Amino acid sequence: QQPVQSPQAVILREGEDAVINCSSSKALYSVHWYRQKHGEAPVFLMILLKGGEQKGHEKISASFNEKKQQSSLYLTASQLSYSGTYFCGTRHSGAGSYQLTFGKGTKLSVIP
Amino acid sequence: DSGVTQTPKHLITATGQRVTLRCSPRSGDLSVYWYQQSLDQGLQFLIQYYNGEERAKGNILERFSAQQFPDLHSELNLSSLELGDSALYFCASSVEGGWHYGYTFGSGTRLTVV
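Chains as they are written, first to last, in the working numbering: chain C, 1 to 112; chain Z, 113 to 226.
To be clear, the hints were calculated from the coordinates, so they are not data collected in a lab. From a predicted model like this one, the values you see are computed outputs, not experimental measurements. Treat each hint with caution, since some may be false.
Computed cross-link-like contacts, BS3-like style, restricted to lysine-lysine with a CA-CA straight-line distance of at most 30 Å [unchecked claim]:
1. Lys104/C to Lys67/C
2. Lys121/Z to Lys107/C
3. Lys67/C to Lys50/C
4. Lys37/C to Lys169/Z
5. Lys169/Z to Lys68/C
Pulled from the structure, derived: some chain C residues nowhere near chain Z, Cβ distances all over 10 Å [said to hold, decoys possible]:
6. Ser6
7. Pro7
8. Ile11
9. Arg13
10. Gly51
By construction, the Cβ of each residue, glycine as well, lies at the ideal position given by its N, Cα and C atoms.
With the hints as constraints, model all of the structure from the sequences given.
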């Protein structure tokens, strides 16, 4: 089951904040977040595990609400380098849960 | 350089042909994953191998097959190619089955079927 990301696209000015959401219709074991710049490979940002804590590094952090089967990625004081497409990947709890399924992505554009 | 090596970077071939994409995982990683990325579908999971054995299968067509060799490199074989198979094919690797660590992606193979 593909997770649903919102918004599909967002434009920010440098220094502004953004939140990207990822929701699933099934119980989740973990959520991954990746950033992909145009023409490049996706780059791993962080993983959130069931029962784990909110994660973050620098000005990018994420939360995982197991009950709501949702995760959110927070980008604060955005920089030009944050531009790209952000993907969440979800792994479900239970049988057949080896697969990491990605959402369709959120395109983030940071302008001066 | 992510440590995951994919070859070739670009491939142009005709419909009906067969191609092989190759992936060498990052040193120490036991799992290899194949994903297909097209403009409107995002990253579609194809198949996963762990230490030589198939672990999970996603939306992989019967015309496609893959394997992981004893040295842990993997190959994705695409046969009877159709125009719709044109896409970016990514290989990724992880230390274990992907439960607690993220994936490292290679730079991809761009396949164009004409």
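Status of the hints after comparison with the structure:
The hinted pair formed by Lys104/C and Lys67/C meets the criterion: a straight-line CA distance of about 22 Å does not exceed 30 Å. Pair hint Lys121/Z plus Lys107/C holds up; C-alpha atoms about 24 Å apart against a cutoff of 30 Å. Between the alpha carbons of Lys67/C and Lys50/C the distance comes to roughly 10 Å, so the proposed pair stays at or under 30 Å and holds. Of the supplied pair hints, the one linking Lys37/C and Lys169/Z holds, its CA atoms being roughly 27 Å apart against a limit of 30 Å.
Straight-line distance between C-alpha atoms of Lys169/Z and Lys68/C comes to about 27 Å, which keeps the hinted pair within the 30 Å bound. Every Cβ of chain Z is farther than 10 Å from the Cβ of Ser6/C; the closest lies at roughly 14 Å, confirming the non-interface assignment. Pro7/C, annotated as away from the interface, keeps every beta carbon of chain Z farther than 10 Å; the closest lies near 15 Å. For Ile11/C, the shortest C-beta to C-beta distance to chain Z comes to about 20 Å, beyond the 10 Å cut-off, and the non-interface label holds.
Every Cβ of chain Z is farther than 10 Å from the Cβ of Arg13/C; the closest lies at roughly 27 Å, confirming the non-interface assignment. For Gly51/C, the shortest C-beta to C-beta distance to chain Z comes to about 12 Å, beyond the 10 Å cut-off, and the non-interface label holds.
Every hint from the earlier list agrees with this structure, and none is contradicted.
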